[in-house]
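In order, the protein sequences belong to chains A and B. Note that our numbering gives residue 187 to position 187 of the first sequence, counting from 1, and the numbers run on in steps of one. Note that our numbering gives residue 116 to position 116 of the second sequence, counting from 1, and the numbers run on in steps of one.
What the hints contain is simulated information worked out from the structure, not anything from laboratory work. Beta carbons are placed, not taken as given, at the ideal position from N, Cα and C, and that holds for glycine.
Covered, in the sense of this in silico footprint (three residues per stretch, anywhere, with C-beta under 8 Å from a C-beta of chain B), are these stretches of chain A:
id: 1; region: 262 to 274
id: 2; region: 277 to 291
Below, a sample of chain A positions facing chain B; criterion: calculated Cβ distance under 8 Å:
id: 3; residue: ALA26
id: 4; residue: VAL27
id: 5; residue: THR138
id: 6; residue: VAL143
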Amino acid sequence: MAGYLLRRALMMIPVLLGTTLVIYAAVYALPGNPVQSLAGANNVVPPSVAHAIEAKYHLDQPFFVQYWDYLSALLHGDFGVDLNGNSVASIISVGWPVTVRLALTTWVLEGVVGIALGLLAAVRRGKTIDVAILAGTTAVLGVPYFITAYVAQIVLGVKLGWLPVSGVTAGWPLSYIVPAGCLALFGLPEISRLTRASVLDNLRADYVDTAVAKGLAPRRILVRHVLRNSLIPVVSMLGVNLGYLLGGTILIEGIFNLPGLGYQIYHGINQHNGPLVVGISTLLVLAFLLVNLIVDVLYGVLDPRIRLA
Amino acid sequence: MLSHRGQLEPAASSPAPGASAAPAAEPDPPLGVPQRFSVLRELLHTPRFLLPGALVVLLCLIAGFPQAFAGWFGHGDPTVCSLADSGLGPRSGHPFGFDIQGCDLYSNVIYGTRNSISIGLLTTALTLLVALVLGSLSGYCGGLVDGLISRVMDVFFGFPTLVGMIVILEMFTVHSVVSVSLVLTFFSWPILTRVMRSSVLASRNLDYVAAARELGSGPVRILVRHVIPNSITPVAVLASLNIASVITAESALTFLGVGLQAPSISWGVQLNTAQQYFTTHLNLLLFPALFLSVTVLGFVLLGDCLRDAFDPELR
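Just chain A, with the same shape it has in the complex (with noise of 0.2 Å):
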């Protein structure tokens, strides 16, 4: 086990700096000038403050100097100074328990909602309420998730006003009910699936027969045999969408303006902010492949017919 952690560990290290290899060279190869962009687009800059500010940023350095200092700078956990002269650590402290919030209430929303009625479906297999199912999530498949949220913001939020369409004064849970909701359409179709798909496969299974003949409960061994039994794929998936939602609520956050990691990448990129946007992804990168060791740790636990080597 502690030689199967360290491997992964290990193998993390070329992901991570392929990963910022390529965004730090896409964002050194954004068109337009930072110095530029920092002074507006209208105003001239004189070349000695233009000088003065490409050395201090090391803007004059070559590619792979730059891309160096960056690397053994943030080996001793410093993210840097972005182009407006913040410290890049303080934004993602303030954008960080926002996109968490979103990732985990989506997550949370995904998974019990995609679980139960995968369940549901399996166990009425053929039944209406199966054919209902399968095409609910094949409605919400073809509508792009973006739409969903502006008909959620404006019947939820502008018609209704029931709940509040932008920003996060009003707090967790209310701010961020509508936002997950319309997130968690998004991964809810393949989880419901998965987990109906998974669980049809194991009532199939012998251990059923020897539970039904042991004279079981039907309700017990639903849950305590099959569910427990069909979970394994499906918590493979639901830990590639936390990695995936940590990083992909870029839209979201933008639609409702919630002033997460997501909106501060957005923002970053349009300003040529390149400290900010490779702290942040980098960031994201390390959340995903985290979120992705621990779930093939629980992986072993959940089912010990795999063993971690």
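Assemble the complex: chain A is given as a structure, and chain B must be docked to it using the hints.
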């Protein structure tokens, strides 16, 4: 934004733990060429295939010949606009009303089909090509080649895709169908490549491949004549679902303002504009959204049906 929709990940490619765990059972070899044709013939008689199939054909026709559909209500030119009509609601001759520039919304939505479908098809074709080449190499050669390709895929899987796409698209000065497709391909190839790899892994040790090898065929001939034709089904089946998620991703990027841009007629651009006006002019949001959703739904239904037919285990 593509891969984040788990739909493209069939059970066969569930992530790492299986691989690093106890020796996984050899995956079943995919359907061979003859079975494929009989499944297709059967499909042609089921409404579950025919309805979304017809919808997709219709959408492709609209994309190919928008002029034939746009003129149904007498105002077929999307560029004939009059600011006097700005934001007017539906009326005779203009079933969807007018956009903010006073252009007929119906013909604009019809013309918008072309960009979405083109990007969906082009990206998926490119992705399939990459998946076919890299997946076969990785699965058939194994060893160093496989290790290298798999690690590169890991980098992409561990990547907030939407962030990457936005950064790279910002870099491009030209936001055309081709450039957007290239960026989408750049981020979507690993999913199909992984499926192709596992499918090639399953069929590379089958008897007929061994027979061809014993008969003295070279690796290229074995791959092209024997292995690829017999392991392409799972990837080909996922193509339709891939088109659906590409179209969604494109509209999201365009909606964010980094995909296609204003003079191009596209649903994403229309939705982006509608953002500011939707509280007063609901039709601006409603009709492009409706077309977009129906298109995505068509490809999803078609893909689901194909997947169920060719991969009965997932039913």
